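Novice: The chain contents come next:
There are 2 protein chains.
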Amino acid sequence: MTNISIDEAREKLMSLQRRMAAYDHAMGLIYYDGCTTAPKETAENRAVSMSVLSEEIYRQSTSDETVEFLEFLDASRNDLSPDEKRMVYLLLRDIREMKKIPMDEYIAYQELVVKAEDVWERAKNSSDFAMFCPYLEDIFAYQKKFANYIDPDMDPYDHCLNEYEEGLTMEACDRFFNRLREGIVPLLKRISEAPQIDNSIRHGYFPASRQEELSRHLMKQIGLDLGHVGLSTTEHPFTTSLGSHHDERITTHYYENDFAYSMYSVIHEGGHALYDTGSADELAYTVLDGGVSMSIHESQSRFYENIIGRSRAFCRLIFPELVRIFPEQMEGHDAEEFYRAVNKVQPSLIRTEADELTYSLHIMIRYELEKRVMHDELEVKDLPAEWNRMYKEYLGIDVPDDKNGVLQDSHWAGGAIGYFPSYALGNAYGAQFLAKMRETVDFDACIESGDFGPVNEWNREHIWQHGGRFTPAGLLSRVLEAEFDPGYYIDYLENKYTELYGL
Amino acid sequence: MTNISIDEAREKLMSLQRRMAAYDHAMGLIYYDGCTTAPKETAENRAVSMSVLSEEIYRQSTSDETVEFLEFLDASRNDLSPDEKRMVYLLLRDIREMKKIPMDEYIAYQELVVKAEDVWERAKNSSDFAMFCPYLEDIFAYQKKFANYIDPDMDPYDHCLNEYEEGLTMEACDRFFNRLREGIVPLLKRISEAPQIDNSIRHGYFPASRQEELSRHLMKQIGLDLGHVGLSTTEHPFTTSLGSHHDERITTHYYENDFAYSMYSVIHEGGHALYDTGSADELAYTVLDGGVSMSIHESQSRFYENIIGRSRAFCRLIFPELVRIFPEQMEGHDAEEFYRAVNKVQPSLIRTEADELTYSLHIMIRYELEKRVMHDELEVKDLPAEWNRMYKEYLGIDVPDDKNGVLQDSHWAGGAIGYFPSYALGNAYGAQFLAKMRETVDFDACIESGDFGPVNEWNREHIWQHGGRFTPAGLLSRVLEAEFDPGYYIDYLENKYTELYGL
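Protein sequence lines, in the order shown, are assigned to chains L and W.
Heads up, the first sequence is in the working numbering, so the first residue is 82 and it goes up one at a time.
Heads up, the second sequence is in the working numbering, so the first residue is 82 and it goes up one at a time.
One thing to keep in mind: the hints can contain errors.
As the list makes no split between identical chains, a pair holds if one copy fits it or if it spans any two.
As the list claims (entries may be wrong) - Derived lysine-lysine pairs resembling DSS-like cross-links, with alpha carbons at most 27 Å apart:
| hint | residue 1 | residue 2 |
| --- | --- | --- |
| 1 | Lys270 | Lys462 |
| 2 | Lys121 | Lys301 |
| 3 | Lys180 | Lys577 |
| 4 | Lys577 | Lys226 |
| 5 | Lys93 | Lys180 |
| 6 | Lys180 | Lys196 |
| 7 | Lys181 | Lys270 |
| 8 | Lys462 | Lys577 |
| 9 | Lys473 | Lys270 |
Simulated from the structure, these hints should not be mistaken for lab results.
Keep in mind that this is a model prediction, so the values were computed, not measured.
Only chain L is shown next, with the shape it has when bound in the complex:
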């Protein structure tokens, strides 16, 4: 490779990323199709295509030729632009990690995960942890082994955290979660002793077709460009980026007895889509296009869902639209009642249905459990009992069965160990972003008037446009011009709920 020029290597760099983006597009779309419109018995056909395409991308992105030109660019990094440097760094990092895992173990693990997800789904439906247990044991065993191959000098759970949030450590998580617990637990206790909120406005009969009308309205209201963001329905809401430039799909699920579930799913997924469609054009078809990390991504989705969507200002803005779409159902209700209903605090079994205040407690339980398993301090077979014990301790509730307990999330079945903390971190980042934003943006006035321009502009300028240019920590300190401080989030919760519950 000594005989190619830096410009030729640069071209190879862009061409590699363009190719990877096309494979990602194909695989993302096959997955999305499976969740949305594919006929029910075509899973095998999809599995075959997915395995072929993922092998292709693996082979190409780790080939000797690829490594050679990337290392050449890495050695000449002083001649590269900062964006190019970051691309080379990220690509080489992934390849080097990948190459540390013996090929046969990598393939065996991929096959395990495909099986485990299938078994998990059946185990969940029949609330049978024993069926899933051996698969989860294998997944944790592989995770420990892989962590040791890749970062033998690092704590294996730190390695897991790093996979989802570059630079994140257990130490930082422990500090963060302790602080959160100190803030949330006493607040929760005071709320439990106060008069409870009546949220009956959420319930009734809300036809899916009317809810879809609401979804479209919400998407436009928060500033999504519907030319680049599509909406479908799936069992569980999610967002996916197809290819590598501004083709986003969000999904929701309509429960006809509770319009708020889909409403807040759409705003949440819409936050992800705003972020992904906000990255600068010059990042198109590169690994820097789209969001930088899970926690920054969640900071955006939960910013729109909670900080905006569950604010009094937004509830006032949107209530007339609810009256228009659901005239009979909203009869006799008002915006304040709606605001209170969507902020009702109630410890519950299911993470994805949790209110803003108790949500982080669900995360902490998962964090503690997976950390202990990764450290061999807890056996996989003992997870259900520990799960139930902690739900009693943290949330004061009894878990009736594993379906509503340890089997509720798909993350572990998919091998995503170390992923959960991002959700809670995202919440806390969002609160500090809000404080910073308020220095220059009249946030409440914008939301209540429906003029999202200044709010979205601030996010675009400070966060969205940069895609994966910086590390998550680097981006955070650029945006905040200060250290990350969970105190902002605690204060936000304290103020909101003290007022709401008249504490």
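Following the hints, complete the assembly by docking chain W onto the known chain L.
Specialist: Leaving out everything else, chain W in the frame of chain L:
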């Protein structure tokens, strides 16, 4: 490659086809997504991914390594199974053709076609042939050049026909179309002098949601397995196979003032899907999965649409369902009226809306015109005038503008020269299949009773299961145990319309 065994080469053969199926799946799905659910402004993203993936498949399927093991297998073909022999033959044929075209011309042509399709669409919308003319000139020029590269000893239009129907020649087409014309033109004249059919039963207000219910019913009625065949809506109905085993998508378009348009689109596309999902399991993930050629494919789609769907027996079967779904609209009508309405003969401007009798005349016009252009007997710029002259001559109607004339079809813009005859051949094959089927199946009784089992079984046994195992001509002679004879089709039309119009 002399150092690999035949079994290793066989494995490479299967692996190559599996890979090609995965790329086809990805590209087919990206196209389908673009027509169905993709947000409107994401075409560029799709174009980038499509161009990457098609380059990948080209590179891999024509690599030296691929050619080497295929030639090795070809040299050892006496040790191969008939299916393997056919796979090797088809793969090598395509590679050899591809390699005869200089790479730069191939790429330039691909780019031309992408542009031409875009220009065609705009030209059609503004009915402006002059805008499209230079692109179409270039397309014909490339087609002539490529025909000469690939088959220098063959007539260039014969080469074009061969691309869509292995073994088809102009001589066979001329014979076929002459015979058809002799049968259809006098019949059409007699019909035009008879009392005309009142088809007002088709028209009224038919909500799309009710029409969708009818679509699902029709799909089940004709025997489609809804676990493997999906339904969506698009501007123009089509069928696509995703990947290489039994994942079919059909599409339709609902006109709320005419339920019959979508009804017959669904049956037509359903016929394609029956064929594609009927191929034997052992052909999965090989080039032999799915239909053998365009004309055999059309023989199936038009068999279900016309021979079955527009038969009196089927109209009687389905009428009670129409009454159930459209009770008010069907009030005062009966099955016979419905049968007559969907068989009304009326020369018209648009091929895709033509009745069963005049349809072939639309095809003949296109066949004559493209043949003359390929032979330099007609200039592209003179196509509109010739088109209009022939519509007057063949169908007796005046073409008001190019949008409803020479610009109506997308085929030429996509470079599909030589494709049209398949449609007419398919019609005629179907009529001869019917005669053969009647030898062992009580066709009318099956249809009128709604028991499609014996009809579908016959098609599966004789046609569907074989996928691309045989040449189209080979399959035809196996099924018919006789020469192809368009007389069956003429007789079918003669009998049907003589009775219908009381001639």
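Novice: If a hint holds in the structure, say so; if it does not, say that too.
Specialist: Structure-based check of all given hints:
1. Lys270 / Lys462: neither (32 Å within a copy, 83 Å between copies)
2. Lys121 / Lys301: between (32 Å within a copy, 15 Å between copies)
3. Lys180 / Lys577: neither (49 Å within a copy, 70 Å between copies)
4. Lys577 / Lys226: Neither. Shortest intra-copy (45 Å) and inter-copy (74 Å) distances fail the 27 Å Cα cut-off.
5. Lys93 / Lys180: both (21 Å within a copy, 25 Å between copies)
6. Lys180 / Lys196: Within one copy only: 24 Å inside, 42 Å across.
7. Lys181 / Lys270: neither (49 Å within a copy, 79 Å between copies)
8. Lys462 / Lys577: neither (40 Å within a copy, 73 Å between copies)
9. Lys473 / Lys270: within (14 Å within a copy, 86 Å between copies)
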